[in-house]
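A.B. asks: Spelled out, the chains give:
4 protein chains.
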Amino acid sequence: MSSSLGKMFVLTTWGESHGPSIGCVVDGCPSGLALAEADIQRELDRRRPGTSEVVSPRKEGDKVEILSGVFQGRTVGSPIAMLVWNVDADSSKYEAIQDLARPGHADYTYAVKYGHRDWRGGGRQSARETVGRVAGGAVARKLLRLFGVEIVAYTVKIGRVKLPEGPGATAKTLPGLRKRVDSSPVRCPDPGVSKRMEAEILAAKEDGDSVGGVIEAVALGVPPGLGEPVFDKLGADLGKALLSLPTVKGVEFGEGFAITDLRGSKANDIFEKRGGKIVTRTNRMGGLLGGISSGMPIVMRAAFKPASSIRKEQETVEMKTGRKRKIAVEGRHDPCVVPRAVPIVEAMVGLVLADHGIRSGMIPRKLA
Amino acid sequence: MSSSLGKMFVLTTWGESHGPSIGCVVDGCPSGLALAEADIQRELDRRRPGTSEVVSPRKEGDKVEILSGVFQGRTVGSPIAMLVWNVDADSSKYEAIQDLARPGHADYTYAVKYGHRDWRGGGRQSARETVGRVAGGAVARKLLRLFGVEIVAYTVKIGRVKLPEGPGATAKTLPGLRKRVDSSPVRCPDPGVSKRMEAEILAAKEDGDSVGGVIEAVALGVPPGLGEPVFDKLGADLGKALLSLPTVKGVEFGEGFAITDLRGSKANDIFEKRGGKIVTRTNRMGGLLGGISSGMPIVMRAAFKPASSIRKEQETVEMKTGRKRKIAVEGRHDPCVVPRAVPIVEAMVGLVLADHGIRSGMIPRKLA
Amino acid sequence: MSSSLGKMFVLTTWGESHGPSIGCVVDGCPSGLALAEADIQRELDRRRPGTSEVVSPRKEGDKVEILSGVFQGRTVGSPIAMLVWNVDADSSKYEAIQDLARPGHADYTYAVKYGHRDWRGGGRQSARETVGRVAGGAVARKLLRLFGVEIVAYTVKIGRVKLPEGPGATAKTLPGLRKRVDSSPVRCPDPGVSKRMEAEILAAKEDGDSVGGVIEAVALGVPPGLGEPVFDKLGADLGKALLSLPTVKGVEFGEGFAITDLRGSKANDIFEKRGGKIVTRTNRMGGLLGGISSGMPIVMRAAFKPASSIRKEQETVEMKTGRKRKIAVEGRHDPCVVPRAVPIVEAMVGLVLADHGIRSGMIPRKLA
Amino acid sequence: MSSSLGKMFVLTTWGESHGPSIGCVVDGCPSGLALAEADIQRELDRRRPGTSEVVSPRKEGDKVEILSGVFQGRTVGSPIAMLVWNVDADSSKYEAIQDLARPGHADYTYAVKYGHRDWRGGGRQSARETVGRVAGGAVARKLLRLFGVEIVAYTVKIGRVKLPEGPGATAKTLPGLRKRVDSSPVRCPDPGVSKRMEAEILAAKEDGDSVGGVIEAVALGVPPGLGEPVFDKLGADLGKALLSLPTVKGVEFGEGFAITDLRGSKANDIFEKRGGKIVTRTNRMGGLLGGISSGMPIVMRAAFKPASSIRKEQETVEMKTGRKRKIAVEGRHDPCVVPRAVPIVEAMVGLVLADHGIRSGMIPRKLA
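The listed protein sequences correspond, in order, to chains A, B, C and D.
Just so we're aligned: the first sequence equals residues 0 to 367 in numbering that gives the first Met the number 0.
Just so we're aligned: the second sequence equals residues 0 to 367 in numbering that gives the first Met the number 0.
Just so we're aligned: the third sequence equals residues 0 to 367 in numbering that gives the first Met the number 0.
Just so we're aligned: the fourth sequence equals residues 0 to 367 in numbering that gives the first Met the number 0.
By construction, these hints were calculated from the structure, which means they are not laboratory data.
Incorrect hints may have been included.
To be verified - Stretch-level coverage of chain A by chain B, calculated; a stretch enters the list once three of its residues show a Cβ under 8 Å from a Cβ in chain B:
1. 122-134
2. 186-200
3. 209-216
4. 248-260
5. 298-305
6. 312-321
Stated by the list, open to error - Not close to chain A: a few residues of chain D, all C-beta gaps over 10 Å, as computed:
7. M7
8. A33
9. A35
10. R73
11. K161
12. A198
13. L201
14. V213
15. I277
16. E317
Claimed, not checked - Under 7 Å between C-beta atoms, here's a sample of chain B residues computed to sit facing chain D:
17. M0
18. S2
19. E15
20. S30
21. G31
22. F70
23. G72
24. G76
25. P78
26. R123
Every residue, glycine too, gets a C-beta built ideally from N, C-alpha and C.
Only chain A is shown next, with the shape it has when bound in the complex (with noise of 0.2 Å):
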């Protein structure tokens, strides 16, 4: 496995769904910060499992505890080592199917290449791992959030219902969105299609079934000159970034795959001086231009599939020996990942911004 990200700051995940514990360490981060155990909870309560009908009933309470990297309220330029411990694992349920590839997951992926594995929640395959990608966004957006970044995500699509346009985020109407987010349990900002994405999910949920979704991201604030061309370009290693999520299919920027639609006349973003500031009239790009940071809003969504465990029978195979068996997915599963996913590409976003902020030199070594 390949279980770190980031060059200058980076994070390293571990952990199983069912294991003792699940954790990160960050290494790189700057000197100086001051960081405590409820900067990291707050963005693991937003993942938590178990708080409403369309997710999980899982209890997990997710307390963090930071094990090294920070004195004296602030951080010491050493690595960052953050612990939660599994409290509610359940593995009875996965005896009897060990052997069997549940459809749309990792199971015979992952038996083929690592013969033997850990069968119990999905062991890593779980996206149980996304804690430690949690613990580890939470830190590189405190830090990002002293050079003015600010990151929001939130639903834009929930199966079939979809939220006609981005909100739009900017720095004033940052805070009310971030609200209005949060009191939507599907973490969609219109309250009106939250409701009909509710119900979208929960008939889903009643039939056995799963829904996926589309989650937009902004980041706000960047300043132009982030990302490193040829290959670690900026949207480049944010896409991997989304991309290395669990059940997310697709990602685009700016426009996306609705551009192709257009002409370059009409795709090309105008430069013009506002403020003292060059800008571009619109954001087609979304923020990014030759793989670095314009100085626009950087703006991308990431297609989330359906989830893979449903109660509905599906026909499958023993992966020893192949022959037919059905499955019915039984254990505690999200109906739809989509809600709990918002903190976790914001976190993703946050990651690969505090490492080019740093690759940059926006961010210096050490805080003053």
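Starting from the known structure of chain A, fit chains B, C and D onto it as the hints suggest.
C.D. replies: Just chains B, C and D now, with coordinates in the frame of chain A:
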């Protein structure tokens, strides 16, 4: 900048559009691979400008020289350096606009990030950099072929003209498909659709405008087991490689964004045993499960924005002063980058698969 | 900071001397390796303080917990996180001297580089960090053993007392050698020399002073072919690993510096065929040719400076003001780090060989 | 192979001794650095063969061409590709011995590791590869000079002739020291010792034999704060860079191995305030504390084994059959590599310091 891609099979590219030459170094290729300049040239010829009405008229022979790493027709395990001399660079058109931020281009972000920059033909921003990618990709693909892996890409959308559905590449249909792709000036395997796409480009060209499009790529014969969770998942690294291409604004795998319209029971691919192997009945996941190749064809799509350089007059600013200016980008540009990007996409897929092929142990470090 | 070592078999360490705990993550270990806490504990016990007169009296049980990556007694291919709680940290002595630059220590350079730092027990500078290295090294060495690779290190010099010549480890003599090494409080395999070394340490200790020394390490059973020219040569990576240890000031291979006394005709090892294999008659190169293992034992030595913390009064300055001060370093220090460094050296050699074992293809990604 | 060194300032070398050309790519150099071929040529000329009796008579002009990354005399932040055509390769002597394992050389290990290999002039094993290192190092050193960092190396031992003590480089003595070094055919700054060293080499040469030696390098003006504990310590990365050179068998810093003769009270450098700065009274640590530069000169030594290629007849074996053979290595070899290695050592030190200069923030990504 960061001009290297890959961990075990590493491509490093260098060169500016109007500099003396352009090239690359491939490090980590196993020893014993039969390799000649003709293997590289074939792919460079497919990428070359000046071959039809729908691409740039720049006359670059793009003759490659292998400078190291090959002895007596086979690789020796050391870095393979390859070079192409730039022969038809015409910088005259760029002198006058060197301080203008061409809309859609990276002049502004490069100016902010690097200060001093080579403005001739876009310098390092230019898609001419992809010569090195195609050369490196040719090595990767020759290597992969020994292990039964074949990659094919083709155009599925130009402007508003769409190929209704993918051609469904299989080992059997591959030779015919390749032929149809390369005999189409837009590299669309359906002759009727190809004609309409060609018309779409020419119409834009006539208006001094440009169009974008979507390329689909399929990798056949990839065995289950490539990809390194949790961050170097195969899809994440493929996505990064594609998003590192100039003008790509989105990437998706399998059903991609459209999978969010489905419920889990429809999205999950059902496993079954066929011909002694475990396969899936459908391939909505695009050959990836949990970040690891499943043995099914790997299917992906990339969205290319309309080319930024257009003859049509656009507004912009002088970068130093912010003063308003008009610009009509002269020079010999592609009205649509998609046709020439097809071999580039194949190269990127090849590079990532060769790297993961070695990382996973599928490809040994020394060939028999 | 940069707290990860290795490319395919990657160790990341974290933790401060007086923080809550200390630990590591090993990523890239093949799946299927039998591994239990006892495998790790055995090596940590060899590194532990408080075991004799010649080492620090700090009472750390150093009980390791494996937090991930192992299921049913075997590795699953995912990151192996390991943790040791710090139980006997006494920070009281450090409060008063927190602004003094202890001579020989990194207080001053850490203060300049990081500003805010954890001064308790040296924080991250402390050799306590090597707990994570020994834990990771134990995994590496268990893995290597499956491929016939054994590592042994021993003390060849303490202060001015030298072992006249190395014990010449072979597969046959190894068990006896290990026993003699571990039954010596200074880890010197010659009982007579060991006694004199012990006396050398105790004499320094009595004077409130310290001594250094040299450790030799031998890796047996490494097949020809490990090492990646031209920069990741095996000797270069071994050298880096050893030079990354606290207090190491020099590293040499084979005859080392002394080879410069010889002419080429005496220095070159002559090849011959013995027992069906090509070997060399002598091993002045220490098992390395052109950066690649030759199949002969890999032999290296590292020089450890005298421990910096001494009771003897020394001059120094206050870092903030530059004012002159006297310091007598209290705390529970090792009068000589060499005895406890022997298992640490073995760990570092193991980590590098495991990494190169995987990189070269000697070690597969999945064990049978 | 692994032919790249550095993390932010990355050198990649390529080329075989008797291939068409040899070269390198430097990626990550800040934009705005004044750079011309003459800057590189000066250092290549110092490394060039054919300049005196004590080195190889091969007549290589070693004329460098900069192929990318420089525009209007200054770097643009993109990769700097540099190339030297091989013009005086004579492979005739190698044909007959292609299957013999030359003693001391890497023929055998390359044959095992790579199978198919370029045996002409040693191919990739040849020290000719260091042309790329010296070219890359010249860029690094030009960059470092802007920040007050100067590197000088010189010979302190050839065979059994030793310079009794180092010349003690300071900013003031540097120009004179450089002059004395480069006016000595063996690059020893003491004219008397230089003569004796020269005689030592010529005596060996006359006998068809070779000698080795030790080079000392000093980096002046490095501010405190470079180096990334715990694994990328400055000494660890310098050590790796030097140990990656052909024929280097040992590396030490400051007092090196000799420090083990001292007690801690004598080994520790005492801090004091001088001229408003905290410095140490002595510099036994060689400018490194805890893996971080202390602001004192960084002092290191590398041991070079006697050149492996000697005219004197030696025994060896045919690699394929193991049959005994005699070999007298013909060709145009250096009887002692040390004189030509002096600029190579300076290059390696420069490469590591430039990389850590960027990583630590001392060197910005864009020059004014």
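A.B. asks: For the segment 312-321 of chain A, count the residues whose Cβ lies under 8 Å from any Cβ of chain B; is that count three or more?
C.D. replies: n = 6 at 8 Å, threshold three: holds.
A.B. asks: Is the coverage entry for the segment 209-216 of chain A by chain B consistent with the three-residue Cβ rule at 8 Å?
C.D. replies: holds (count 5)
A.B. asks: Quick one: work out the minimum CB distance from A35/D to chain A and report holds if it exceeds 10 Å, violated otherwise.
C.D. replies: holds, 25 Å
A.B. asks: So V213/D supposedly isn't at the interface. Is its beta-carbon more than 10 Å from every beta-carbon in chain A?
C.D. replies: Fine: 35 Å to the nearest Cβ keeps V213/D off the interface.
A.B. asks: Holds or violated: is the Cβ of F70/B closer than 7 Å to a Cβ in chain D?
C.D. replies: holds, 4 Å
A.B. asks: Looking at E317/D again, its CB stays over 10 Å from all of chain A?
C.D. replies: holds, 41 Å
A.B. asks: Non-interface claim for A33/D: all C-beta distances to chain A beyond 10 Å?
C.D. replies: holds, 20 Å
A.B. asks: Next item in the hint list is M0/B. Is there a CB on chain D closer than 7 Å to its CB?
C.D. replies: holds, 5 Å
A.B. asks: Can the segment 122-134 of chain A be counted as covered by chain B under the rule of three residues or more with Cβ-Cβ separation shorter than 8 Å?
C.D. replies: Since three or more residues must qualify, the claim that chain B covers the segment 122-134 of chain A holds, with 3 doing so at under 8 Å.
A.B. asks: Given R123/B as an interface hint, is the shortest Cβ-Cβ distance to chain D below 7 Å?
C.D. replies: With a minimum Cβ separation of about 4 Å from chain D (threshold 7 Å), the hint on R123/B holds.
A.B. asks: Close enough to count: is the Cβ of S2/B nearer than 7 Å to one in chain D?
C.D. replies: holds, 5 Å
A.B. asks: Taking the closest Cβ pair, is E15/B under 7 Å from chain D?
C.D. replies: holds, 6 Å
This entry does not satisfy hints 2, 7 and 23, going by the numbered hints stated previously.
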